[in-house]
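Next come the chains, spelled out residue by residue.
2 protein chains.
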Amino acid sequence: MNSSENKLFGDNLNVINIGLPSFADTLRDQNTPVAHVDWRPAAFGDAELAALLETAKKHNSELREKANKEAAKKILDAQPVIVGIAKRAKDVVPGLKDNMILHAGPPVSWENMCGAMRGGMIGGILFEELAATPEEAEKLAASGKIVFEPCHHHDAVGPMAGILTPSMPVWIIENQTYGCRAFCSLNEGLGKVLRYGAYSEEVLSRLRWMRDVLAPTLNQALELHGEINLRSLIAQALQMGDEGHNRNRAGTSLFIRELAPFLVKCNIDTDELSKIFTFLHNNDHFFLNLTMPAAKSSTMPANNIEGSSLIPVMARNGTEFGIQVSGLGDEWFTGPASVVEGLYLPGFSADDAGLDIGDSVITETSGIGGFAMAAAPAIVQFVGGTPDDALETTRRMYEITLSEHPAYQVPALGFRGTPVGIDLFKIIETGILPAINTGIAHKNPGIGMVGAGLVKPPRECFVKAFKAFVKNYK
Amino acid sequence: MNSSENKLFGDNLNVINIGLPSFADTLRDQNTPVAHVDWRPAAFGDAELAALLETAKKHNSELREKANKEAAKKILDAQPVIVGIAKRAKDVVPGLKDNMILHAGPPVSWENMCGAMRGGMIGGILFEELAATPEEAEKLAASGKIVFEPCHHHDAVGPMAGILTPSMPVWIIENQTYGCRAFCSLNEGLGKVLRYGAYSEEVLSRLRWMRDVLAPTLNQALELHGEINLRSLIAQALQMGDEGHNRNRAGTSLFIRELAPFLVKCNIDTDELSKIFTFLHNNDHFFLNLTMPAAKSSTMPANNIEGSSLIPVMARNGTEFGIQVSGLGDEWFTGPASVVEGLYLPGFSADDAGLDIGDSVITETSGIGGFAMAAAPAIVQFVGGTPDDALETTRRMYEITLSEHPAYQVPALGFRGTPVGIDLFKIIETGILPAINTGIAHKNPGIGMVGAGLVKPPRECFVKAFKAFVKNYK
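For the record, the sequence lines run as chains S and H.
Just so we're aligned: 383 in this note's numbering is position 383 of the first sequence, and the numbers increase by one with no gaps anywhere.
Numbers in this note's numbering are just positions in the second sequence, counted from 1, shifted up by 1000.
Derived from the structure by calculation, the hints contain no laboratory data.
It is possible that some hints are incorrect.
Computed cross-link-like contacts, DSS-like style, restricted to lysine-lysine with a CA-CA straight-line distance of at most 27 Å [unchecked claim]: (1) S/Lys-275 to H/Lys-1275; (2) S/Lys-57 to S/Lys-73; (3) S/Lys-464 to S/Lys-474; (4) H/Lys-1066 to H/Lys-1464; (5) S/Lys-265 to H/Lys-1139; (6) S/Lys-265 to H/Lys-1066; (7) H/Lys-1464 to S/Lys-275.
Just the calculated beta-carbon pair ranges, DEER-fashion [stated by the list, open to error]: (8) H/Ile-1018 to S/Pro-346: 48 to 56 Å; (9) S/Glu-201 to H/Asp-1077: 53 to 61 Å; (10) H/Lys-1066 to S/Gly-347: 42 to 50 Å; (11) H/Phe-1415 to S/Gly-347: 21 to 29 Å.
For each residue, glycine too, the CB sits at the ideal point set by N, CA and C.
Excised from the complex, chain S in its bound form (with noise of 0.2 Å):
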């Protein structure tokens, strides 16, 4: 060593590490002071997107700031609540005609559709009984004489596939604070189940019970109870290892007994009412569909602000990963849909899985599901990971984001609110990504859940929203 390195490595050291955090680590390791900044390049180390995004920021900051404001403001605001199940979805959903299927995430076609969304295509059909065998619904979805549309063109949402057939039934649930309605259909459970792909006799039998059943009595039991604050359910399941997009455990737990009481009363036969029960106890996933369109119905009110950067629409339908912008109105910006790293269900590997699909991803984009990972630890036995990574995941999130939410808080980060109202220009500037916790469909129709797992969205979809606002607010 020359005399130099000498002195360096002599004194004891007093380090600022930038970037990456493994060296800061090993430095702590050995008792050395490190001031760790989680730095990553400006707008993914595209000297050019890096030089527009400088300018942008300069540009029309004040309107930005006070729509980004505004918007914000407008999902903590919300009051979702659960107002009942119609029988129909074409008897509420705005636009839902007989010869339409909505689907998840942004428009896809039938020949551009994933295995999992062509599978659910394929039930859907079937259940509306437009056909009769899986042949014959497939020769009808390709012929044209089906219109697919995305449930977000339809103020619904749908996890995985998210297909929503006319005839299904649906969650209503309305933001009181503003007036408007999100519309979901009922969980199927996990494994074998429609929007996973799967269109079995099974499938569409347990479909159609849910249709003249379920639903039914849900809703008689709903009317007995009267409206319920789903903002309250959440807030509580937040606090019970929830995260509420792929662990619902508490939140289904808290809808049952919230509920049981109103059931009990309802004209039904007791073996029935016990099925019930039991198809609610074994479906911990029965909540997503609640939180889903509660989600939904608190992000409408953000969209098209003038001048907000705020992104209220992420979603996906296994072919692309779509977005849109507050202040760009409807249009989506798609970029292609990711592999999940995730873990596997007995009997399948990665070589089965369908890319990320589904409008689920409309929890993050409200401020729970990954980006509440810290209150729910135990997800990581559902989607990989160590709970350390669950923390982290959450704190990452509050870089960009814009406000942090007074009823969702999480008690392991001393009941700080949950980071909420994803900014696109964050986004741009610190090269995070949103980060998403999702279900994984086998690749192939037919078949259903094989895995669940974590997922970032391509950069593509941030990058040409990013170039679109630019352009518009220049």
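Please arrange chain H on chain S, whose structure you already have, making use of the hints.
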């Protein structure tokens, strides 16, 4: 400053801090590297006791180690299940007679009972219809015609005053690994309730409804369901923010959804069934009276093991805190009951508070409750403190326990098992007392709950027990 001071404060410091953590925190805030040693004076700083400990540690250490391993293993292997509910305690609780009322904690005479226990006794006598008015009941209690004995002398446990009368229904919990049974009353809810010393007509009519409607219906549902494994339910509840003593919202929810499909099949009027679901829904502590006998049945086999310094029983009667030590059989070692540091219900303050009371500390004794607070950060809103305190409480309990529970895991600690098997020697050696969270009863009879908080047992009972242990095994 002289030159040696100059040198000390001019150089970079590397500090080892022993004892009070606040010194270390201050240095860390200034980025000075500190290794903190969590040290307390051995034997509570009592030189004589410390000398006794040094001798005792060398003596019979092989026997003690082996015996402690066996005793801890018995707790870890326990499989507590709900067998059912007996209509009348006297039919199943060993030795419970018609003129007898059981209470929490070590033995205590009527003269020495605290206000909440006297109130509970008055209510118990009225419930048994042995007197017509509170005044008559008090006279009868003082007459010596009623025998008062600890629940623990009858394989039972009771929260707070722990009143168990011959005609009350009781949970029958069996530890299937060892075939032993433990018993507990059904939980009445919070506020004005018998176990907090209230005895108004509201309290008594609720107890009659529980005896005549709730208990038989739950038992009928249990017969249809079959045994319920409490080890599994408690393990799940710990992943959902419960700790099994003062936070039982998840456990209560899981119990409701588990039994609901069978409750609806019971022979009972719809309105009464709805009332049962409402009662369960409104009482998040319902599950406490299941975790307690589960804990009791789990620790029972660990008692009376020759040479073991494990503590299988801790209990308080509101006047004294008592413990038993495995290798010393059923002898009680007591000290004065402590003041609880807590949060108070509106309208009450520390001036209203009775002292530490109840058998519910059996939960801590079995490795949950205060020992599992890291699983339940949201509990601090009920008992005080911060989520970090909750983590630290569990971490500290590893210092005084013999093992870690294989099923009761804490997600926030990387799914580490809860600290279980309290060792008398480790308490004396470290000076760390068991951490307990608890409800607070009013100091006077007839009022009820006033708050909840955290409490440490008195040193005296551990010192007395230790001296007896040394004497017995010298």
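Now for the hints, and whether the structure bears them out:
no.: 1; hint: S/Lys-275 to H/Lys-1275; verdict: holds (21 Å)
no.: 2; hint: S/Lys-57 to S/Lys-73; verdict: holds (21 Å)
no.: 3; hint: S/Lys-464 to S/Lys-474; verdict: holds (15 Å)
no.: 4; hint: H/Lys-1066 to H/Lys-1464; verdict: holds (23 Å)
no.: 5; hint: S/Lys-265 to H/Lys-1139; verdict: violated (46 Å)
no.: 6; hint: S/Lys-265 to H/Lys-1066; verdict: violated (58 Å)
no.: 7; hint: H/Lys-1464 to S/Lys-275; verdict: violated (57 Å)
no.: 8; hint: H/Ile-1018 to S/Pro-346: 48 to 56 Å; verdict: holds (51 Å)
no.: 9; hint: S/Glu-201 to H/Asp-1077: 53 to 61 Å; verdict: violated (45 Å)
no.: 10; hint: H/Lys-1066 to S/Gly-347: 42 to 50 Å; verdict: holds (45 Å)
no.: 11; hint: H/Phe-1415 to S/Gly-347: 21 to 29 Å; verdict: holds (25 Å)
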